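> Chains as they are written, first to last, in our numbering: chain A, -19 to 203; chain B, -19 to 203.
Just so you know, these hints were derived from the structure itself, not from any lab.
Being a predicted model, the structure only gives us computed values, none of them experimental.
The C-beta atom is built at its ideal place from N, Cα and C for all residues, glycine as well.
A couple of the hints might just be wrong.
Which bits of chain A does chain B cover? Going by a derived footprint, with three or more residues having C-beta under 8 Å, they are [claimed, not checked]:
#1 -18 to -4
#2 43 to 56
#3 113 to 123
#4 151 to 159
#5 165 to 177
Number of protein chains: 2
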Amino acid sequence: MKKAVFFDMNETLLNLSLLEKQFDKHFEDKYALKYWFTKLLHSSTVMGIMGVYKDFGELAAVALEQLFYENELALSQETKNEILGAFKKLPAYDDVRPALELLRANDIRVVALSNSSLEMIKEQLSNASIMDLFDSYYSVDDVSKYKPFEDIYLSVAQQENLTLEDIFMVATHDWDLFGAKKAGLSTAYISRKREIYHPFYTPANFTATDMTDLMRQIFNFKS
Amino acid sequence: MKKAVFFDMNETLLNLSLLEKQFDKHFEDKYALKYWFTKLLHSSTVMGIMGVYKDFGELAAVALEQLFYENELALSQETKNEILGAFKKLPAYDDVRPALELLRANDIRVVALSNSSLEMIKEQLSNASIMDLFDSYYSVDDVSKYKPFEDIYLSVAQQENLTLEDIFMVATHDWDLFGAKKAGLSTAYISRKREIYHPFYTPANFTATDMTDLMRQIFNFKS
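Here chain A stands alone, though its shape is the one from the complex (with noise of 0.2 Å):
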C-alpha cells in the first residue's frame, strides 16, 4: 500500500519570524504573539466543542482585535492588514524542502493538512515555494470541525485512499498529534523551539529536530 505523510502548516513546515516581526512593531513583549496564537487556538477548539464553525482566518482576525484592544492599542485596517498578510507570506524552515524531496524520491505521498482555509494554504505554499512538493492539501473547511477532533484527519485518510496505519501525521504542536494518534494515524513531533510536549497527551512515535531526520527515522531511508 501507498504510505503518506501528512504535514501541518503553520510553525511546522512554515517559520513564524516573519509575525514576530509585526508583532514586535506593536508590543514590546515577546509573550503577546505566542498570546495570540494561543487565544486563537483556545476558541477554536471552543467553537468545535459547540458544534460551530467559521474560517480560522476569521478567527485570527478576531483574536488580533481582542489583544490589540485589551492593550488599549488601536487596531486600523492596515495594521490588521499588514499583520494577517504575513501570516500568508511565512518562509518555509530550510529543512523542509530537502525532507520532502526525499519522500517523492522515494514514491511516498506528500500532504497538506491545516486549520487554514484551502485558499489560504494555496498562498502559504505558493509564498514558501514549496507548492511544487505536495501531491495534495486539506483544509478543515471540509469538515468544518478544526484540528485536533478527528473529523479532518479521517475524511483526508478515506479522501486520499489510504489506510490508516500507513500515513504519518508531523506536527510541532503536541495537541495536533493528539488528536491524530486518536484518529489511529502515527505521529512525528518536530520539535521547533524552546518548549515542553505535554504529558497528559499520547507521545509521538518519532521525534526530531530536523527535519530529513525525523523522515529518516520513520522511513529508514538508505543513506
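Given chain A's structure and the hints, the job is docking chain B onto it.
Leaving out everything else, chain B in the frame of chain A:
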C-alpha cells in the same frame, strides 16, 4: 419554582491580582500570566475533545512548567508551590458579598461551579471568606469534563433539582457562558477587565461591570 445563580469562580468572583504579583516576580512581560492561563484553558479543551480528564490543578502545574521552560527559567518546587498556592488564596472582588447577600435575602439559590477540584473550590471559598454565602458548590470532577462542555451545567441543574430556565450562569469568560447557553441556561456576563466578548460566541442575556447591578438586571429586585 426555585431560581438559582451558578457562579464561575476564578476571575469572576476571585481577583487574580495576587497571581499577577507572583508572575511579576519572574516575568517582566505582563502577557506571561495571560499566556499561561490561556494555555491552561486550551489544554483543558484539548483534553475534553480527546475524552481524557485530569484534575485542573494538574493542568495548571503543567502549563506553569511549560511557561518557565520556554523562558529558560528554572521552576523550583518552592516557586511552583508559591504560585499555585496564590491561586488558592485569591481575594473576592468587593462587589461579590453584597450581590450574594442580595440573592440570599431573596431566596435565590447561590451555587459555585468550577473547573477546579472540590477541594480547591472549598479552599478558595474559605480563603476568600465567602463560603457562608454559598448553598452548594460543584466541580467538573463530577463529570470528568471541563466547562464549556455542557455536561457540568446539566449535571448540576439535575442534582439541584432545577429547571434550566430558572438558572442563570454568571461568568467573566465568554466561552463559559457560550457553553452554559448551549446547555439551556440563561447567561450573565460580568466584565472584570478591558476585553472584547467573542463575536462568534452566543451573546450573554445580561451584562454589567458590577455584580449587584448584574443581579438587579436579572431579577428586578426592588432596592
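> A separate judgement is required for each hint: does it hold in the structure or not?
Verification of the supplied hints:
{"no.": "1", "hint": "-18 to -4", "in the structure": "violated (count 0)"}
{"no.": "2", "hint": "43 to 56", "in the structure": "holds (count 5)"}
{"no.": "3", "hint": "113 to 123", "in the structure": "violated (count 0)"}
{"no.": "4", "hint": "151 to 159", "in the structure": "holds (count 3)"}
{"no.": "5", "hint": "165 to 177", "in the structure": "holds (count 4)"}
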